[in-house]
Amino acid sequence: MNILSTFLMLTGCITLLIGTIGLFKFKDFLSRTHAASVVDTLSTLLIILALMINSGLTLYSLKLFLILIFLYITGTTAIHALSQVFFKNQDKNGEMQ
22 MNILSTFLML TGCITLLIGT IGLFKFKDFL SRTHAASVVD TLSTLLIILA LMINSGLTLY
82 SLKLFLILIF LYITGTTAIH ALSQVFFKNQ DKNGEMQ
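Sequential numbering of the sequence shown, starting at 22, is according to our numbering.
It should be emphasised that the hints constitute simulated quantities derived from the structure, not laboratory data.
Since we're looking at a predicted model, the values are computed, not measured.
Idealized CB from N, CA, C, for every residue including glycine.
Hints are all accurate, no fakes.
Under the rule of at most 25 angstroms between Cα atoms (straight-line distance), these lysine to any residue pairs were calculated in the SDA-like manner:
| hint | residue 1 | residue 2 |
| --- | --- | --- |
| 1 | 84 | 65 |
| 2 | 84 | 96 |
| 3 | 46 | 59 |
| 4 | 84 | 36 |
| 5 | 109 | 50 |
| 6 | 48 | 109 |
| 7 | 109 | 58 |
| 8 | 46 | 35 |
| 9 | 48 | 64 |
| 10 | 109 | 54 |
Okay, the calculated beta carbon distance ranges per label pair:
| hint | residue 1 | residue 2 | range |
| --- | --- | --- | --- |
| 11 | 44 | 98 | 18 to 26 angstroms |
| 12 | 46 | 112 | 23 to 31 angstroms |
| 13 | 81 | 31 | 18 to 26 angstroms |
| 14 | 22 | 106 | 40 to 48 angstroms |
| 15 | 109 | 39 | 30 to 38 angstroms |
| 16 | 27 | 98 | 27 to 35 angstroms |
| 17 | 98 | 23 | 30 to 38 angstroms |
| 18 | 41 | 91 | 17 to 25 angstroms |
| 19 | 31 | 96 | 20 to 28 angstroms |
| 20 | 83 | 35 | 23 to 31 angstroms |
| 21 | 83 | 106 | 30 to 38 angstroms |
| 22 | 87 | 27 | 22 to 30 angstroms |
| 23 | 31 | 78 | 18 to 26 angstroms |
| 24 | 79 | 32 | 22 to 30 angstroms |
Start from the sequences, fold in the hints, and give me the full structure.
Right, here's the structure in full:
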């Protein structure tokens, strides 16, 4: 159990680090938001899953599961809202006005 939770935690942290590097690599806004949303989703899942495995079947793991669901709903909604604002406010060149 401890090895699995450690592996998931390290994988989540490495995924987060690679995604952060990707944010600096991409040039346009939509690529950056896509990279941020994918990395946020995957790394959050891995880290919270590691914490749930580490804590066992307790009330703490139920709370972590509820936090995970909340983060998925709010994260995707926020990225969608940012993308909609970008599409409504861009000019002919694809730049923000």
